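My request is simple: use the sequences and hints to build the entire structure.
Chains as they are written, first to last, in our numbering: chain S, 1 to 66; chain V, 1 to 257.
Think of the hints as simulated: they come from the structure by calculation, not from any bench.
Just so you know, these numbers come straight off a predicted model, no measurement behind them.
A few of these clues could be false.
To be verified - Simulated DEER-style distance windows between Cβ atoms:
hint	chain 1	residue 1	chain 2	residue 2	range
1	V	R45	S	R10	17 to 23 angstroms
2	S	P13	V	R164	55 to 61 angstroms
3	S	T9	V	D61	35 to 41 angstroms
Stated by the list, open to error - Each computed DMTMM-like pair below joins lysine to aspartate or glutamate, with the alpha-carbon atoms no more than 25 angstroms apart:
hint	chain 1	residue 1	chain 2	residue 2
4	S	K8	S	E58
5	S	K8	V	D50
6	V	K224	V	E197
7	V	K116	S	E35
8	S	K8	S	E48
9	S	K8	V	D48
10	V	K239	V	E144
11	S	K8	V	D54
12	V	K224	V	E26
13	S	K8	V	E78
14	S	K8	V	E79
15	V	K239	V	D167
16	S	K14	S	E48
17	V	K116	V	D76
18	V	K239	V	E197
19	V	K140	V	E113
20	V	K63	V	D2
21	V	K123	S	E35
22	V	K21	S	E58
23	S	K14	V	D48
24	V	K140	V	D103
25	V	K21	V	D214
26	S	K8	V	D76
27	V	K21	V	D76
28	S	K14	V	D50
29	V	K63	S	D28
Where is the CB? At the ideal position from N, CA and C, for every residue including glycine.
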Amino acid sequence: MDIIFNGKTRTLPKGISIQELLDQLRLDCMQVVVEHNNNIVPRQRLAETSLHNGDTLEVIHFVGGG
Amino acid sequence: MDTLVIAGRSFTSRLMVGTGKFSSNEAMVAAIEGSGSEIVTVALRRVDIDNPQDSLLRHIDPKRYLLLPNTSGARDAEEAVRLARIARAAGCEPWVKLEVTPDPYYLLPDPIETLKAAEILVKEGFIVLPYINADPVLAKHLQEAGTATVMPLGAPIGTNKGLRTRDNIAIIIEQAIVPVVVDAGLGAPSHAAEAMEMGADAVLVNTALAVARDPGAMGTAFKKGVEAGREAYLAGLGKQQDKAEASSPLTGFLREK
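This is the structure in structure tokens:
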């Protein structure tokens, strides 16, 4: 299945959870915020939220800024 | 003790610093430490999977500094509100430097969208610090909407030009019922001192530190500028006038009257 991950298409195994994807990408869930189809996913629900074909995912973190 | 109070929280330092544009995390940390700041701004962006970076938060201890996420990149109220909510979900305290800059060339803030976003965010319980042009009427509207400060610009972001909006900032300060933080365009400690001498409550600096040959030393230089300006303001500056007034007595020896 394909999802849009930070603006780019990404092919993922069917039914993968957001937490599993973060782990695969070596992203620390404490350092990022995830928006799933434009809704913020609370950290405690990352593991139970699975992805579906056509979903949009934004993974955001802090960078330097003024 | 002279403290800066924003939304009921006290700060000793009146200098806020940004974390953008530094050549390295080490340079950024040196600037923050040198500046003595207690409030540090950060931005939110997409994680770049192809170029994994060291997390910014590994270098800034949120227990030591108040992290002030900005909404930079937002071009309208909706995007700004979205960024503020993301920042809060990241575990930050609900403080936000509200920034809405639709024009990428001058990066001037959109007053209408900023006010709209401020109204929404205040209702959602955010402590809102809006970045604005030095417009006294807009500053009033924002304060009425419940913002915790107003942050008028001295000059466009990153220009190092200093207080080009001086007269309007003076009016904002005169009318303010919340702290006035002069943000953007301050390129030298003298600019920061000037803002503080006028009675600004604080200033925010980023580019001037980030582009300095020695960001740590420049942080300290700005700290001194801010402190000098504040102390002068509290001490009471003399009025400017056109006619000279001798500092030494004019009578008593060469020309007896």
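We went through each hint and held it up to the structure:
no.	hint	result
1	R45(V) with R10(S): 17 to 23 angstroms	holds (18 angstroms)
2	P13(S) with R164(V): 55 to 61 angstroms	holds (56 angstroms)
3	T9(S) with D61(V): 35 to 41 angstroms	holds (38 angstroms)
4	K8(S) with E58(S)	holds (10 angstroms)
5	K8(S) with D50(V)	holds (12 angstroms)
6	K224(V) with E197(V)	holds (13 angstroms)
7	K116(V) with E35(S)	holds (23 angstroms)
8	K8(S) with E48(S)	holds (23 angstroms)
9	K8(S) with D48(V)	holds (11 angstroms)
10	K239(V) with E144(V)	violated (32 angstroms)
11	K8(S) with D54(V)	holds (22 angstroms)
12	K224(V) with E26(V)	holds (22 angstroms)
13	K8(S) with E78(V)	holds (22 angstroms)
14	K8(S) with E79(V)	holds (20 angstroms)
15	K239(V) with D167(V)	holds (16 angstroms)
16	K14(S) with E48(S)	holds (14 angstroms)
17	K116(V) with D76(V)	holds (9 angstroms)
18	K239(V) with E197(V)	holds (12 angstroms)
19	K140(V) with E113(V)	holds (15 angstroms)
20	K63(V) with D2(V)	holds (22 angstroms)
21	K123(V) with E35(S)	holds (22 angstroms)
22	K21(V) with E58(S)	holds (24 angstroms)
23	K14(S) with D48(V)	holds (23 angstroms)
24	K140(V) with D103(V)	holds (24 angstroms)
25	K21(V) with D214(V)	holds (14 angstroms)
26	K8(S) with D76(V)	holds (23 angstroms)
27	K21(V) with D76(V)	holds (24 angstroms)
28	K14(S) with D50(V)	holds (23 angstroms)
29	K63(V) with D28(S)	holds (19 angstroms)
The structure does not agree with numbered hint 10 stated previously, though it agrees with all others.
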